[in-house]
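Asker: Chain residues, written in single-letter form:
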Amino acid sequence: MTPLLQLDSVSRRFVRKPDMIEKVAGWLGADVRTQIVRAVDGVSFSVARGEVVGLVGESGCGKSTLGRMIAGMIPPSEGEIRYEGQTLSDKRDAKSRRQRLKLQMIFQDPMSSLNPRMKVEDIVGESAVYHGLIPGAHKREHVAALLEKVALDPTYASRYPHQFSGGQRQRICIARALAVKPDFLICDESVAALDVSIQAQIINLFHQLREELHLTYLFISHDLGVIQHLADRVVVMYLGRVVESAPTEALFEAPQHPYTQALLAQVPKLHAGRQQFQTIRGEIASALNPPSGCHFHTRCPMAGPRCQREAPALVESGNHAVACHLHQGGTQ
Amino acid sequence: MSVLEVQELQTHFSTRNGVVKAVDGVSFSLAEGQVLGLVGESGSGKSVTGFSILRLVDVPGRIVGGRILFRGQDLAAMSQAEMRAIRGNRIAMIFQDPLMTLNPVLRIDTQMVEAVQAHHRVSKKAALARAADALTRVGIPSALERLSAYPHQFSGGMRQRVAIAIALLNEPDLIVADEPTTALDVTIQSQILSEVQGLTRESGTALIWITHDLAVVAGLADEIAVMYAGRIVETGPIDAVLRQPRHPYTNGLLGSIPGNSRRGQALQQIPGMAPNMAQLPAGCAFAPRCAFSSEQCRSQTPDAQALSLTRSLRCHHPLPEGVSP
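Just so you know, the protein sequences line up as chains A and B, in that order. Following my numbering, the numbering of the first sequence begins with 1 at its first residue and continues without gaps. Following my numbering, the numbering of the second sequence begins with 1 at its first residue and continues without gaps.
Check the hints yourself; a few may be wrong.
Said to hold, decoys possible - Covered, in the sense of this in silico footprint (three residues per stretch, anywhere, with C-beta under 8 Å from a C-beta of chain A), are these stretches of chain B: (1) 94-107; (2) 190-202; (3) 210-220; (4) 249-255.
Keep in mind that the hints were calculated from the coordinates and are not lab data. Remember, predicted model here, so these are calculated numbers, not experimental data. Note that beta-carbon positions come from the ideal geometry of N, C-alpha and C, so glycine has one too.
All chains, full assembly: derive it from the sequences and hints.
Answerer: Structure below.
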């Protein structure tokens with residue numbers, strides 16, 4: 001069976017060209033180069049229909065950029081993203097548009113992703129009418145049904161976003177994403193800005209919607225607890241590359257990449273009693289100037305000379321994939 | 001001997017929509033070297049409690065009642081000048097966003113020397129040495145060189161370390177930390193926590209760690225105080241409270257945390273949302289969201305009752321012992 005979503009060595013570079021002053025400095029002999037950030041660097045993985053994949057990493061690891069590429073908001077610089085076997089394109093023809101509608105994104109901050117001057121019924125109903133999924137006359141019922149689905153009172157349809165609390169706003173965002181009947185939801189830190197008790201409500205809503213609507217999720221988060229709770233499979237990224245990918249239980253029980261091990265060891269735990277917090281040295285390196293070889297070698301306690309020279313490939317054994325020389329013939 | 005004793009603290013904000021009782025009768029005490037985790041959701045009054053201790057509450061907020069005894073002196077009754085001698089000297093504060101603490105146009109050394117010389121008559125050279133020492137203690141490599149850098153030249157985690165170093169400069173008796181690791185990545189948070197842990201142990205500084213993250217406090221604090229709508233609803237030794245919460249809100253909070261225990265199942269959720277602080281319901285503020293609420297809860301505010309020498313609770317219907325979250 002072909003997976004629902006397939007990423008084939010997808011990369012995304014961001015290029016910053018020198019500005020006017022830097023160009024002048026360049027003419028005068030200064031060393032001015034275009035700066036290139038490899039935000040996502042050769043990422044391949046696939047998502048099966050009905051699966052929840054968690055994408056984990058620290059800030060700057062490229063997880064949001066990857067989410068945006070899958071949602072079709074920015075094109076990849078290299079590689080291919082296939083949905084139901086068809087390459088995602090940014091063409092404006094009817095077929096590509098229909099395909100893109102199947103993938104919807106929910107963002108972190110509901111206040112900045114909702115237009116403050118629009119009423120909820122327009123925010124939620126606009127896209128379905130525009131894309132011809134429902135006739136304009138049915139907008140009101142469509143919106144009411146969606147609001148009920150996300151447990152909001154349908155009478156709220158004529159209110160504005162500022163009249164809602166954070167959790168309710170996130171529900172509006174979810175209703176808006178569901179309005180075009182998607183199969184695939186990309187949730188980019190969708191519960192990170194919420195209080196614990198509200199976060200639990202939204203997580204439960206995601207659960208319930210998954211069962212009702214047979215949705216597939218890509219859940220992007222830095223919160224390992226949320227990922228562990230929701231995901232079937234976890235993909236761990238570090239500086240633009242996938243370092244480990246495995247079913248959730250296998251990953252949390254026996255992480256194989258030193259970075260994943262460190263991440264898991266450092267999550268504060270509720271019932272561990274008074275902890276001695278461990279540290280891995282240093283901070284995530286700059287994507288502008290990533291370390292040679294394995295990006296993690298500067299912080300890795302197990303790094304050897306080979307790690308500086310060559311980048312490890314992501315090798316799969318069973319359904320557990322790791323990109324680390326330790327598991328591929330040693331670090332010497 | 002207790003470093004800090006807060007008694008029935010009340011901080012109110014008079015707004016157009018009425019009086020917001022952001023902190024309404026909060027009491028706790030803190031011994032030397034002790035770490036208190038002050039936990040609550042947004043709007044529960046935990047930050048205002050922290051700001052009140054340093055008398056940093058701005059208008060329209062005002063401390064309207066209670067006493068804040070710091071080594072026996074009432075901070076709430078002090079003049080601004082007396083307060084200035086204590087702030088940053090005997091009591092220091094660490095804020096959530098280090099960019100707001102640090103002046104972007106001054107070098108780190110200027111800011112640190114200023115903080116030392118504001119309270120001690122020492123030479124600039126001695127102040128610089130002390131600053132370098134503080135930076136080393138929070139784990140900043142090559143501290144002497146880093147002193148002449150500007151805040152924007154540091155990463156987020158490093159900036160927070162600088163902010164902590166500034167708090168440590170005058171070897172305070174008490175540090176109030178308001179969500180200092182919330183904006184940081186897991187690995188950086190863990191580094192900061194490990195350093196703070198070491199520092200409190202070495203120096204015997206008392207610490208109030210304000211956070212919404214129960215898991216952070218679980219590994220760090222000795223005591224925990226859970227706030228809801230301006231009141232401490234449950235307090236006690238951290239292990240006892242987390243293992244066996246007696247207030248329905250604490251229990252609900254613990255059940256809301258995603259993780260391994262309930263993988264794939266629905267999380268236990270607290271229905272509804274935090275109340276509007278300007279229009280608090282009569283009686284217990286948590287009653288509308290509480291599964292155990294009764295007529296008594298809706299009419300009568302529960303008083304703090306001691307469960308044991310160290311634990312206390314504000315609830316008419318505490319959970320029975322032996323119920324785990």
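Asker: Each hint should be assessed against the structure and marked as holding or not.
Answerer: Hints versus structure:
1. 94-107: It is violated, with 0 qualifying residues against the three required.
2. 190-202: Our answer is that it holds, as 5 residues pass the Cβ test (under 8 Å) against chain A, meeting three.
3. 210-220: Answer holds; 8 residues pass the 8 Å Cβ test.
4. 249-255: With 4 residues in contact (Cβ-Cβ under 8 Å with chain A), the coverage given for the stretch 249-255 of chain B holds.
Of the numbered hints stated above, the single one contradicted by the structure is hint 1.
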